[in-house]
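**Q** Sequence:
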Amino acid sequence: MKLLHIDSSILGDNSASRQLSSEVVKAWQVAEPSAVVTYRDLAADAISHFSSTTLVAAGTAAELRNAAQQHEAELSASTLAEFLAADAVVIAAPMYNFTVPTQLKAWIDRIAVAGQTFRYTEAGPEGLCGGKKVVIVSTSGGLHAGQATGVAHEDYLKVLFGFIGITDIEFVRAHGLAYGDDVRNKAMSDAHEQISEQLFAAA
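Numbering follows UniProt numbering, with no gaps: position 35 of the sequence shown is 35.
Heads up, some of the hints might be wrong.
Derived DSSO-like pairs: lysine-lysine, alpha-carbon spacing no greater than 30 Å straight-line [what the hints assert, rightly or not]: (1) Lys2 x Lys132; (2) Lys105 x Lys26; (3) Lys158 x Lys133; (4) Lys186 x Lys158; (5) Lys2 x Lys133; (6) Lys186 x Lys26; (7) Lys158 x Lys132; (8) Lys158 x Lys105; (9) Lys2 x Lys105; (10) Lys133 x Lys186.
Distance windows between CB atoms, simulated [said to hold, decoys possible]: (11) His192 x Thr60: 40 to 50 Å; (12) Ser34 x Glu63: 35 to 45 Å; (13) Gln147 x Leu75: 27 to 37 Å; (14) Asp13 x Gly124: 39 to 49 Å; (15) Leu128 x Val30: 29 to 39 Å.
It should be emphasised that the hints constitute simulated quantities derived from the structure, not laboratory data. Model, not experiment: these values are computed from the prediction. Think of the CB as a built atom: it goes at the ideal place given N, C-alpha and C, for glycine as much as any other residue.
Construct all of the structure, not just a fragment, from the sequences and the given hints.
**A** Now the structure itself:
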């Protein structure tokens, strides 16, 4: 199987989401030793944000593109191909200001492509990525799951991946990380336990 690992935190080694997403991938490799992992660090190697150049590049023949358009077209194509090739995706998604990092949103804008990951039909939109599994490592300083403040974080990701046809979505959650050492340690311990004892229990 092919596993795509996405990190998006700007905090480097201090990032809880990076620590947990790495642990998920390692556990997955233990459960499935044949897994081939592709890693993308969206903070260290940021994808440019969706722009008019991106749109123009997509609608312009390769021989007519300027250098900037060609770069955008190649970036979009390689990012999408990497996602489409994956059987499963592990995404580290910390909350920044009530939503996902802009680096992660830039990646999402490259994979949510009409005709490739979803299409519109007379009956409405249809996702084209069924069969993939997504594990989202959700971290935040506060407690937002199930609250209005979490709508643009976890709820957004569920809607987005559901829209492109992915229904096998699991969250590894560590919230309240800024609420003091006791709360942080409990949240991280619970996440570690979920990864080690529950996430691949059936594997």
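**Q** Compare the structure with each hint and give your call.
**A** Going down the list of hints, with the structure as the test:
For the given pair, Lys2 sits about 10 Å from Lys132 by alpha-carbon distance, which is consistent with the 30 Å threshold. The suggested pairing of Lys105 with Lys26 holds, with an alpha-carbon distance near 25 Å, which does not exceed 30 Å. For the hint pairing Lys158 with Lys133, the CA-to-CA distance comes to about 12 Å; that is within 30 Å, so the pair holds. Annotation: proposed proximity of Lys186 to Lys158 holds, straight-line Cα distance about 25 Å (limit 30 Å).
A hinted pair counts as satisfied when its Cα atoms are at most 30 Å apart, and Lys2 with Lys133 qualifies at roughly 11 Å. The hinted pair formed by Lys186 and Lys26 meets the criterion: a straight-line CA distance of about 21 Å does not exceed 30 Å. Pair hint Lys158 plus Lys132 holds up; C-alpha atoms about 14 Å apart against a cutoff of 30 Å. A hinted pair counts as satisfied when its Cα atoms are at most 30 Å apart, and Lys158 with Lys105 qualifies at roughly 14 Å.
Between Lys2 and Lys105 the alpha-carbon distance is near 22 Å, which keeps this suggested pair within the 30 Å criterion. Our distance criterion of 30 Å between C-alpha atoms is met by Lys133 and Lys186, whose separation comes to about 27 Å. Between His192 and Thr60 the C-beta distance comes to about 48 Å, which sits within the given range of 40 to 50 Å. The hint said 35 to 45 Å for the Cβ distance between Ser34 and Glu63, and at roughly 41 Å that hint holds.
As the Cβ distance of Gln147 to Leu75 is approximately 35 Å, the hint placing it in 27 to 37 Å holds. A hinted range of 39 to 49 Å for the beta carbons of Asp13 and Gly124 is consistent with their spacing of about 44 Å. About 31 Å separates the C-beta atoms of Leu128 and Val30, a value consistent with the hinted range of 29 to 39 Å.
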